[in-house]
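Colleague: Listed in order, the protein sequences are those of chains G and X. Read in my numbering, the first sequence has 560 at position 560, and its numbers run on one by one without any break. Read in my numbering, the second sequence has 589 at position 24, and its numbers run on one by one without any break.
Zero decoy hints are in this set.
Calculated pairs, DSBU-like style, for lysine-lysine (alpha carbon to alpha carbon, straight line, at most 30 Å):
hint: 1; chain 1: G; residue 1: K168; chain 2: X; residue 2: K624
hint: 2; chain 1: G; residue 1: K95; chain 2: G; residue 2: K122
hint: 3; chain 1: X; residue 1: K660; chain 2: G; residue 2: K473
hint: 4; chain 1: G; residue 1: K553; chain 2: X; residue 2: K645
hint: 5; chain 1: G; residue 1: K42; chain 2: X; residue 2: K624
hint: 6; chain 1: X; residue 1: K657; chain 2: G; residue 2: K236
hint: 7; chain 1: G; residue 1: K138; chain 2: G; residue 2: K196
hint: 8; chain 1: G; residue 1: K484; chain 2: X; residue 2: K660
hint: 9; chain 1: X; residue 1: K660; chain 2: G; residue 2: K489
hint: 10; chain 1: X; residue 1: K624; chain 2: G; residue 2: K196
hint: 11; chain 1: G; residue 1: K560; chain 2: X; residue 2: K660
hint: 12; chain 1: X; residue 1: K624; chain 2: G; residue 2: K211
hint: 13; chain 1: X; residue 1: K657; chain 2: G; residue 2: K241
Some chain G residues flagged as far from chain X (calculated, every beta-carbon gap over 10 Å):
hint: 14; residue: I5
hint: 15; residue: S84
hint: 16; residue: A271
hint: 17; residue: A287
hint: 18; residue: I330
hint: 19; residue: D365
hint: 20; residue: N396
hint: 21; residue: K473
Using C-beta positions, here's what the derived DEER-type ranges look like:
hint: 22; chain 1: X; residue 1: S648; chain 2: G; residue 2: I501; range: 38 to 44 Å
hint: 23; chain 1: G; residue 1: N131; chain 2: X; residue 2: A651; range: 29 to 35 Å
hint: 24; chain 1: G; residue 1: S378; chain 2: X; residue 2: N621; range: 50 to 56 Å
hint: 25; chain 1: X; residue 1: S652; chain 2: G; residue 2: K369; range: 55 to 61 Å
hint: 26; chain 1: X; residue 1: A651; chain 2: G; residue 2: Y558; range: 14 to 20 Å
hint: 27; chain 1: G; residue 1: K486; chain 2: X; residue 2: A647; range: 23 to 29 Å
hint: 28; chain 1: G; residue 1: S378; chain 2: X; residue 2: E629; range: 45 to 51 Å
hint: 29; chain 1: X; residue 1: E629; chain 2: G; residue 2: G487; range: 47 to 53 Å
hint: 30; chain 1: X; residue 1: E629; chain 2: G; residue 2: R35; range: 35 to 41 Å
hint: 31; chain 1: X; residue 1: V661; chain 2: G; residue 2: F71; range: 54 to 60 Å
hint: 32; chain 1: X; residue 1: I603; chain 2: G; residue 2: K211; range: 30 to 36 Å
hint: 33; chain 1: G; residue 1: K106; chain 2: X; residue 2: E629; range: 30 to 36 Å
hint: 34; chain 1: X; residue 1: E629; chain 2: G; residue 2: I76; range: 30 to 36 Å
hint: 35; chain 1: G; residue 1: K236; chain 2: X; residue 2: L612; range: 55 to 61 Å
Think of the hints as simulated: they come from the structure by calculation, not from any bench. On a predicted model such as this, the values are computed, not experimentally measured, just so you know. Ideal Cβ positions, reconstructed from N, Cα and C, are used throughout, including at glycine.
Each chain, letter by letter, is given below.
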Amino acid sequence: MRFKILRFFFLGFLATITLRLFYWQIIQSDKLQARAEVQHLKNESVLAQRGKILFSDGSILASNSPSFLLFGQPKILSAEEKESNSTKLARVLSKGVEEELEIKKKLINDFSQDLYWVPINKNIDINTKKNIEALSLKGIGFVVSSSRFYPESSSSAHLLGFLGSNNKGESTGYFGLEGYYDGELKGLAGSIRLEKDAQGLPILIGNFLTKEARNGKDLTLNIDRTIQFIIEQNLKKGIEKYGAKSAMAIVMEPKSGNILAMASFPSYDPADFTKYPKEYYKNPLVADQYEPGSTFKVLVMAAALNEDVVKPDTKCDICKGPINLGGFTIRTWNNQYEEDPTMTDVIVHSDNTGMVFSAKKIGLDKLYKYIEDYGFGSPTDIDLQDEFSPDLRPKNSWREIDLATAAFGQGVAVTPIQMVRAVSAIANGGKLMEPHVVAAISDISSTFEIKPKVVKEVIRPSSAKSITEMMVKAVEEGEAKWAKPKGYKIAGKTGTAQIPIAGHYDPNKTIASFVGFAPADDPKFVMIVRYDEPTSSIFGAETAAPTFFEIAKELFIYYKIAPNE
Amino acid sequence: MTIIKTFETHSEHNFINLRSKKFILVSILIIFFAVAEIWVNNSLAKLGGQFESTLNLQKSLMLENQLLENEIATEASLQKIASQSASLGFIKPLKVQYIR
Numbered sequence: 001m002r003f004k005i006l007r008f009f010f011l012g013f014l015a016t017i018t019l020r021l022f023y024w025q026i027i028q029s030d031k032l033q034a035r036a037e038v039q040h041l042k043n044e045s046v047l048a049q050r051g052k053i054l055f056s057d058g059s060i061l062a063s064n065s066p067s068f069l070l071f072g073q074p075k076i077l078s079a080e081e082k083e084s085n086s087t088k089l090a091r092v093l094s095k096g097v098e099e100e101l102e103i104k105k106k107l108i109n110d111f112s113q114d115l116y117w118v119p120i121n122k123n124i125d126i127n128t129k130k131n132i133e134a135l136s137l138k139g140i141g142f143v144v145s146s147s148r149f150y151p152e153s154s155s156s157a158h159l160l161g162f163l164g165s166n167n168k169g170e171s172t173g174y175f176g177l178e179g180y181y182d183g184e185l186k187g188l189a190g191s192i193r194l195e196k197d198a199q200g201l202p203i204l205i206g207n208f209l210t211k212e213a214r215n216g217k218d219l220t221l222n223i224d225r226t227i228q229f230i231i232e233q234n235l236k237k238g239i240e241k242y243g244a245k246s247a248m249a250i251v252m253e254p255k256s257g258n259i260l261a262m263a264s265f266p267s268y269d270p271a272d273f274t275k276y277p278k279e280y281y282k283n284p285l286v287a288d289q290y291e292p293g294s295t296f297k298v299l300v301m302a303a304a305l306n307e308d309v310v311k312p313d314t315k316c317d318i319c320k321g322p323i324n325l326g327g328f329t330i331r332t333w334n335n336q337y338e339e340d341p342t343m344t345d346v347i348v349h350s351d352n353t354g355m356v357f358s359a360k361k362i363g364l365d366k367l368y369k370y371i372e373d374y375g376f377g378s379p380t381d382i383d384l385q386d387e388f389s390p391d392l393r394p395k396n397s398w399r400e401i402d403l404a405t406a407a408f409g410q411g412v413a414v415t416p417i418q419m420v421r422a423v424s425a426i427a428n429g430g431k432l433m434e435p436h437v438v439a440a441i442s443d444i445s446s447t448f449e450i451k452p453k454v455v456k457e458v459i460r461p462s463s464a465k466s467i468t469e470m471m472v473k474a475v476e477e478g479e480a481k482w483a484k485p486k487g488y489k490i491a492g493k494t495g496t497a498q499i500p501i502a503g504h505y506d507p508n509k510t511i512a513s514f515v516g517f518a519p520a521d522d523p524k525f526v527m528i529v530r531y532d533e534p535t536s537s538i539f540g541a542e543t544a545a546p547t548f549f550e551i552a553k554e555l556f557i558y559y560k561i562a563p564n565e
Numbered sequence: 566m567t568i569i570k571t572f573e574t575h576s577e578h579n580f581i582n583l584r585s586k587k588f589i590l591v592s593i594l595i596i597f598f599a600v601a602e603i604w605v606n607n608s609l610a611k612l613g614g615q616f617e618s619t620l621n622l623q624k625s626l627m628l629e630n631q632l633l634e635n636e637i638a639t640e641a642s643l644q645k646i647a648s649q650s651a652s653l654g655f656i657k658p659l660k661v662q663y664i665r
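Please model the complete structure; the sequences and the hints are all you need to start from.
Modeller: Following this line, the structure appears as structure tokens:
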């Protein structure tokens, strides 16, 4: 009997052990395995470095700077420690007494949350981190991250764009180069998985899995930092001097389509973009449409020369006075008229009636085709995210008056990049190029170079030569001749376009611009300068042209181009 | 009674001898490699700390390198050069003379 009881007892004991083992090994196995893995495996993600953006000489325009996320652990802190941490941290993180109080309030709020982990402050720099670490506070820590660093501060902001966060909280490039090349720049994060011992140190003979982080690719730009600096300084001066609402300029290499410089003001700081109005983010040089005014005349005249419907010495026999067309009267800008001016005179004196004469000679079908061939009505495919192209009105909706006004740049909407590219076709013997900001994309093992691309030949080299001579004369004898640097052959044209408001043109507000290239015989650069609503003078000849020539003077010295006249 | 004593042939004796020698040799090798493995594992386990500190050193050097690179870029920026040169009294040339 005793033996039976003992046997029953042992069997029961065995069954209990079996059931318990079944519970741990089968039912709870996943949970326990996961807990064991957490205890002896270490998973770490390795951040990929965002690619750098470099000027053409290799100097840095945008790079990365190590930054840190400050976090707190409210659950391990007592009420006194929370109060003391908030006071001490607020002192380090603030710049003034008022800000200190605000930050302290926020920190007290953060620490009062019933959480194990709360983010306190993003993008803390290394010096602030050292100052916080020196306080030896309990319940706070840092996570390494990275932020964008701009050694030239707010320079080239519109060109660069900025780095923000998407709806998943991931760093994403917006606008400009950061937006256009986000895929190339951002890279791919990696990870490390290794076994650790009781002290948390890696066990080298254990499992060791690594997925290498792939850093983003670097962009080397065509932007020349000296030229960029020159145009930025001159535009800053100009916007104040002429009391303009905004100022902008592009410098392009006509033979390659490379963008050498691009700037516009007002601008913003890409490192602190949230402090600026959202309207500032868009690059107006590629996204802002305007009526080009008289700068458009050189393109229409080039088309007329190319079609052999006029020659530089062809006389205009309808230019003695205002032209009446479909109920509208077309006048010259100063309401003064010459007797039979030649086509060269028409360009030199920016004569609207002479342009109507040449446009009529070309005819709507051909002129419309030229406008399209110059690249208007479609994007230039510049490598910037914000590009926008205003549509051309359908040809069948054009009336006779539309053909006439288009001849002097009214009723046609363009962007500055479209305009400078079209004029660069004249400087390049008639060949229209695709504009490029980036010269090369490179990673650790390879470099991809972006080659110049000819889009099409819009006009013959001989026509380009003829219109160039007319543009040179426009600079030598036109309204802006007083500002021209002596000894240099510069081809250019002023433009003063009125701003259309609610069906009519505002008589007091203009867009003043100057587009041209130099040296005219062998152009090194094409440039457009534009001021919106200048107040000191409404004319391009008195605002944009002087700035153009000031920049050109500095570029001649930079390129070591001596005067030849 | 006849006692018959059988003697192993010379070749059989040699074979057994060789087999036991081989057995001993293999055993020694196994023991040697087992000890070696334990020793290597032990040594490597200790190196975990060293590996961790080397990794941390690499990270901090890379961080420092990045900071120094950024400092150079800031000091060499045209904004900085322009303000420094202006404070030292340098100005843009008012007129450039070309010698032919």
